[in-house]
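Given the sequences, and given the hints that come with them, work out the whole structure.
Chains as they are written, first to last, in my numbering: chain A, 1 to 168; chain B, 1 to 383; chain C, 1 to 373.
Hints listed in this document are in silico derivations from the structure and should not be mistaken for laboratory results.
Residues from chain C that keep clear of chain B, each with C-beta distances beyond 12 Å, as calculated:
#1 Val-43
#2 His-182
#3 Thr-193
#4 Pro-199
#5 Arg-303
#6 Asp-338
#7 Val-342
#8 Ala-343
#9 Gly-344
#10 Arg-346
Partial list, computed: chain A residues near chain B (C-beta under 10 Å):
#11 Ala-26
#12 Tyr-33
#13 Leu-34
#14 Ile-58
#15 Thr-81
#16 Ile-85
#17 Ile-91
#18 Ala-102
#19 Ile-111
#20 Leu-116
#21 Ala-123
#22 Glu-146
#23 Ile-148
#24 Leu-161
#25 Leu-168
Beta carbons: idealized from backbone N, C-alpha and C, even for Gly.
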Amino acid sequence: MSTSGPPKEPVKYVEKQLHLPYCYVAGDYKVRYLAALKDKTILGSKCSRTGKVFVPPIVASPESFAPCDELIPVADRGVVTTFCIVNIPVIGRSIELPYVAASVALDGADISIYALIQECAPADVRMGMRVEAVWKPDGERQGSHEDIIHFRPTGEPDAPLASFMHRL
Amino acid sequence: MSRQAAVVGVGQTQHASRRADVSIAGLVREAVDRALLDAGLEHRDIDAVVVGKAPDMLEGVMQPEQFLAGALGAHLKPLIRVHTAGSVGASTALAAVTHVRTGLFERVLAVAFEKQSEGNAMWALSPNLPFTQPLVAGAGGYFAPYVRAYMARTKCPPHIGPMTAVNARQNGGRNEYAHLREPMTLDDVMNSPVLWDPIRYGETCPSSDGACALVIASEEAALRGPRRPAWIRSGASYAEAMWVPGRDQVSPRAGKICAKAVYEGAGITNPWKEIDTAEIYVPFAWFEAMWLENLGFCDPGEGWKIIDRGEQRMGAHLPINPSGGVLCSNPIGASGMLRLGEAALQVMGRAGAHQVDGAKTALGHAYGGGSQYFAMWIVSNER
Amino acid sequence: MPKLRNVAVVGFAQAPIVARDEHRIATEMLYEQVRAALAQCGVEREAIDYQAAGSADYLDGRPFGFVAALDVMGSWPAKADLHLEMDASFAAYYAWLRIQTGDSDTALVCGYGKTSEGEPERVLNLQLDPYYQAAIGLDPTSTAALQASAWMARTGATDRDLAALAARRRAAGARNPDAQLHDPASAEDLAQTPWAVEPLRRGYLPPVGESAVCLVLAAEGKAEKMCDRPAWIRGVDQRIELQTLGGRDLSRSAGAKLATERALAMAGLARAAEVDVVELCATTPAEECILCEAMGLDAAGARPAINPSGGPLAGNPLMMTGLIRLGEAFRQLAGRADGHGVAGARRAIAHGAQGHCLQHNVVWVLGDERRWT
Numbered sequence: 001m002s003t004s005g006p007p008k009e010p011v012k013y014v015e016k017q018l019h020l021p022y023c024y025v026a027g028d029y030k031v032r033y034l035a036a037l038k039d040k041t042i043l044g045s046k047c048s049r050t051g052k053v054f055v056p057p058i059v060a061s062p063e064s065f066a067p068c069d070e071l072i073p074v075a076d077r078g079v080v081t082t083f084c085i086v087n088i089p090v091i092g093r094s095i096e097l098p099y100v101a102a103s104v105a106l107d108g109a110d111i112s113i114y115a116l117i118q119e120c121a122p123a124d125v126r127m128g129m130r131v132e133a134v135w136k137p138d139g140e141r142q143g144s145h146e147d148i149i150h151f152r153p154t155g156e157p158d159a160p161l162a163s164f165m166h167r168l
Numbered sequence: 001m002s003r004q005a006a007v008v009g010v011g012q013t014q015h016a017s018r019r020a021d022v023s024i025a026g027l028v029r030e031a032v033d034r035a036l037l038d039a040g041l042e043h044r045d046i047d048a049v050v051v052g053k054a055p056d057m058l059e060g061v062m063q064p065e066q067f068l069a070g071a072l073g074a075h076l077k078p079l080i081r082v083h084t085a086g087s088v089g090a091s092t093a094l095a096a097v098t099h100v101r102t103g104l105f106e107r108v109l110a111v112a113f114e115k116q117s118e119g120n121a122m123w124a125l126s127p128n129l130p131f132t133q134p135l136v137a138g139a140g141g142y143f144a145p146y147v148r149a150y151m152a153r154t155k156c157p158p159h160i161g162p163m164t165a166v167n168a169r170q171n172g173g174r175n176e177y178a179h180l181r182e183p184m185t186l187d188d189v190m191n192s193p194v195l196w197d198p199i200r201y202g203e204t205c206p207s208s209d210g211a212c213a214l215v216i217a218s219e220e221a222a223l224r225g226p227r228r229p230a231w232i233r234s235g236a237s238y239a240e241a242m243w244v245p246g247r248d249q250v251s252p253r254a255g256k257i258c259a260k261a262v263y264e265g266a267g268i269t270n271p272w273k274e275i276d277t278a279e280i281y282v283p284f285a286w287f288e289a290m291w292l293e294n295l296g297f298c299d300p301g302e303g304w305k306i307i308d309r310g311e312q313r314m315g316a317h318l319p320i321n322p323s324g325g326v327l328c329s330n331p332i333g334a335s336g337m338l339r340l341g342e343a344a345l346q347v348m349g350r351a352g353a354h355q356v357d358g359a360k361t362a363l364g365h366a367y368g369g370g371s372q373y374f375a376m377w378i379v380s381n382e383r
Numbered sequence: 001m002p003k004l005r006n007v008a009v010v011g012f013a014q015a016p017i018v019a020r021d022e023h024r025i026a027t028e029m030l031y032e033q034v035r036a037a038l039a040q041c042g043v044e045r046e047a048i049d050y051q052a053a054g055s056a057d058y059l060d061g062r063p064f065g066f067v068a069a070l071d072v073m074g075s076w077p078a079k080a081d082l083h084l085e086m087d088a089s090f091a092a093y094y095a096w097l098r099i100q101t102g103d104s105d106t107a108l109v110c111g112y113g114k115t116s117e118g119e120p121e122r123v124l125n126l127q128l129d130p131y132y133q134a135a136i137g138l139d140p141t142s143t144a145a146l147q148a149s150a151w152m153a154r155t156g157a158t159d160r161d162l163a164a165l166a167a168r169r170r171a172a173g174a175r176n177p178d179a180q181l182h183d184p185a186s187a188e189d190l191a192q193t194p195w196a197v198e199p200l201r202r203g204y205l206p207p208v209g210e211s212a213v214c215l216v217l218a219a220e221g222k223a224e225k226m227c228d229r230p231a232w233i234r235g236v237d238q239r240i241e242l243q244t245l246g247g248r249d250l251s252r253s254a255g256a257k258l259a260t261e262r263a264l265a266m267a268g269l270a271r272a273a274e275v276d277v278v279e280l281c282a283t284t285p286a287e288e289c290i291l292c293e294a295m296g297l298d299a300a301g302a303r304p305a306i307n308p309s310g311g312p313l314a315g316n317p318l319m320m321t322g323l324i325r326l327g328e329a330f331r332q333l334a335g336r337a338d339g340h341g342v343a344g345a346r347r348a349i350a351h352g353a354q355g356h357c358l359q360h361n362v363v364w365v366l367g368d369e370r371r372w373t
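Next comes the structure, spelled out in structure tokens:
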């Protein structure tokens, strides 16, 4: 081996494909949330101090630090508070491009969920647009996030910006 | 207990999309050797090492500081490894400052790096969280909706992002270490593909391999050094919860709290007047306008006007990211430390071709997570 | 030595270590511990001005896993914060540094992660250098076995010695309500268990376990108000070594030795044996012997009592096993070690470690009296 400076050949690579299996616990709140999707119901959890509602349900309010000990249903419709149109693929994802990933504030919830907006041209999606969940048909719902296929416009009048700008 | 600390050495690598000429250890060592050389020190002068980087999934090595201990010169020294998402490079530097300010350490080496070419960054940054529909497409997909909200809120014209990107690239052209240095025109950016509408390709940071290292020293050690140090007037890192109803991701409260802390710590009452230049974490061009507001350089809704008037360009009132910033080089874990290191170089008067004339007081800034983590410092040429 | 502040552990809450909590995700487990630790201290969240946490993305099986913990740590409005990709005992070390600067007086230190969700043997392989040691498939049991072999070869220790030590820890664990293994096992029984990787038998190794922990630190002036018997930190030091297994004497822990010397010096103690109780982050009996030698302790002696909690051999929730040692030392000094208290304990050593073969060690010396006046 030469000791007079670095080798002239390029550094070689060690190629490694990592396959690590994980088996995630959903947690009791998430289990009830997922099970309720089977019945076309979206559950949220209610803060014991402020009454604010979190969807999907979480055990404690990050705002008040108090427990959220009550699960309550919220609407399966709401307003697009903001969104983007995704034009580039991610490894392992099969959603057809372009697609709209939106922040949707469901009626009765105090935080927004991420949702896929379909059944309209991406260019027609607006901040303030009213949308509703499109469910898998009866008998096909498994109690998973895939029970909601996507959200679609309801055709209702848009919500004014000022009504949701504080809760993107 | 109110001990001062200073930056006495700054080192960074050549940043590039693929540093095939070096291993991870070689990349890190390139920055460390330069920082030590800059400080006129050797490994034996270092009392502790603080390492930062973004998710380990980016390179496929868990807690890589463990296998890098030798390359870091850390054998039988205290070491900690920081991970605060995108802000990590900055919070790593601040953790080194904490070490020094206890009085227990004279000189601490802070190192941050990312070798993004060794993994798949889009994948590593697009978590498929269990029981959740996978919709977020990388960091751009996460932040684009908030850029849209900023546009809607301020009714700013559509050329603000592109103008920012053009200016960043102009600045990057003067920075010999920058990954992207070729000039761009407004049309280039406007006509570039829209990746995550409303964010265009030309408004997006690159994916880089790179590292940065800083030597942080006590007041006594800094005064003994061969060069004029950058005095750290104040520093702070704050983090806030995610799912807070009404949490504003366009101008997060954590950013305001952190900025207030560093301004108060440095005795700054009017940042627009008292700060000479700032290196702020702008991974997507629109965030420059957003952060100008969040950092209190102007009133809410006015950030884009600073850019429209060109007041953040080199030679203007408040040059922002004279190095070209994250838009020109983005080795994720190191990006925050580069912001703080570049701010230090400015007040040391050693920023080379991108030196801001007469810079005496500078802000370094980084953020991360869902705009939840903020880390900043104010450096000055005076104690 | 600069002038230092007296800082104490004033609260510690731990979820009992279990093989797998089927009902709660990591943050849900942590939330209860944060609430419990604050309740012990009799304070609201607002009373704590710093927070630090330790966890690892690869154990969580997702990038940025720690971000979700902000939501259960009371991080609203924003808190001064640092997350370390390390065992949470190092987060405690950093929080202690932070309090030394005077910028904070109190700190929450959290550790969390559901080890059971992944396969830790495969995950921890990724800690090794990717070019050689990881590539040949070494996992933590294999590296620990190499270390045990080195220890046995140098000292003449036998399989029976390892079995006897493991049995003592199992007996202790049976008295610790938070331990994972509660059933005592005799040395004879353990010596009958199959090899995991020779010379380590399955009975000498902890099972996969998970927990969530929250520890509270407070500086003098506040500590006394938050705890009737604070455990004062009298000294602390931490050291990392080279990872390369062939590059160090695996039968010794130079890092633990140096960290102990420095921590004892800070504490004003001449020898580790001057303390009453020691909690070691040793995941095999051989590691425990190596640590005892490095620290100048008798692993088989009656005083100081070593790992009265059962130690990691009775429960090893990754990324918090080290912090639990500090918490256990606090429990001993504060008289809160239900069922496994060491009578008259006034001084303690707590040790945390991470990495293969004790690569990185942190050593704490605690006492029931303040160190500095």
